[in-house]
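Asker: Chain residues, written in single-letter form:
Number of protein chains: 2
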Amino acid sequence: MAKIKRICTLLLRLIAFGTTLAAAIVMATSHETSSFFAVSFEAKYSDTPAFKYFVIANAIASVYGFLVLFLPSDSLLWRLVVAMDVVVTMLLTSSVSAALAIGQVGKKGNSNAGWLPICGQVPKYCNQVTGALAAGFVAVITYAVLLLYAIHAVLNPLLVQKT
Amino acid sequence: MAKIKRICTLLLRLIAFGTTLAAAIVMATSHETSSFFAVSFEAKYSDTPAFKYFVIANAIASVYGFLVLFLPSDSLLWRLVVAMDVVVTMLLTSSVSAALAIGQVGKKGNSNAGWLPICGQVPKYCNQVTGALAAGFVAVITYAVLLLYAIHAVLNPLLVQKT
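Protein chains in written order, with full-length UniProt numbering: chain A, 1 to 163; chain F, 1 to 163.
Because the hints were derived from the structure by calculation, they are not lab data.
Don't take each hint at face value.
All copies of an identical chain are treated as equivalent in the list; a pair is satisfied when it fits inside any one copy or across any two copies.
Straight-line alpha carbon distances no greater than 30 Å define the calculated DSSO-like cross-link-like pairs of lysine-lysine that follow [what the hints assert, rightly or not]:
1) K108 <-> K124
2) K108 <-> K5
3) K44 <-> K107
4) K44 <-> K108
5) K44 <-> K3
6) K124 <-> K44
7) K107 <-> K124
Using the sequences and the accompanying hints, generate a full structural model.
Answerer: Laid out in structure tokens, this is it:
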């Protein structure tokens, strides 16, 4: 039983590492040059502070996720990992939702503020950003499951069985 | 010692309840009418999906924060509260950073996407949104402290002293 749990946790951590790495890479490589009449126009992630933050946050999370994979299962550092998971989950959540908010304006625009959608001009860039956001979203869900599972594992056994 | 801890936790929960309520109210009441040449122009929070999400998330968090204040200190539901805190913290984090990302575009604009800043036209609205974001930010920090404290309280005593 304990072995199955450990494999499940390891699998979730692998997914978390993979998705954060993928999100950072896909977002960082997103750029497209489009010419509108005579004006050449390049869209890339570093134009938008929220997308830069997304890349940085996902890079940090993937480094953290990589290091945790090599932590021995009887290490006392696992207690610290739960607290670190909280911090990383908050970091990822904020980066994904900031990028999502900007992406929504890019896709739909905001007529009240006079901001026009730009996805029509740079569809490839837009799709790549959407892909990065999807990967980031999966990473957030994975970390949330890991965190809730850790809390469940720590808090419930105290009630039911001996340590 | 246990009493001091309980008072600290209660105080933090009071702050969390107050700031989420304030954030929701300040954001929900933010609107300004400005006339630009002959065109009348009204800015309000419901124009922007991210700000609507901010109001809803903070309203949910303040209802939750209000209910938790009345939980007796020996209730077994406190175990559930830690898990609920994770969910509420993620909800607040995402709402604050989505609203912050849009607010940043409103303040500075984004020249690459052709989005102009709107704070010059509606300064009062802008300031009110900034106030709501500040309150929301304090709420996120408070919930993060509560969460890390709960994890510290649950995980450390297992190592040092008997339950």
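Asker: Tell me, please, which holds for K44 and K107 at an alpha-carbon limit of 30 Å: within, between, both or neither?
Answerer: both (15 Å within a copy, 21 Å between copies)
Asker: Classify it for me, K44 with K108: is the Cα-Cα distance of at most 30 Å met within a copy, between copies, both or neither?
Answerer: both (18 Å within a copy, 18 Å between copies)
Asker: Given a CA cutoff of 30 Å, do K108 and K124 count as a within-copy pair, a between-copy pair, both, or neither?
Answerer: both (16 Å within a copy, 26 Å between copies)
Asker: Checking an output row: K124 and K44, CA cutoff 30 Å. Within, between, both or neither?
Answerer: Result: close within a single copy only, 11 Å intra versus 33 Å inter.
Asker: Check K107 against K124 for me: Cα-Cα at most 30 Å, and say if that holds within a copy, between copies, both or neither.
Answerer: both (12 Å within a copy, 28 Å between copies)
Asker: When no copy is specified for K44 and K3, does a C-alpha distance of 30 Å or less occur within a copy, between copies, both, or neither?
Answerer: Neither way: K44 and K3 sit 45 Å apart in one copy and 54 Å across, limit 30 Å.
Asker: Go through the copies and call it for K108 and K5: within, between, both or neither, with a Cα cutoff of 30 Å.
Answerer: neither (43 Å within a copy, 48 Å between copies)
Consistency note: the structure conflicts with the earlier hints numbered 2, 5.
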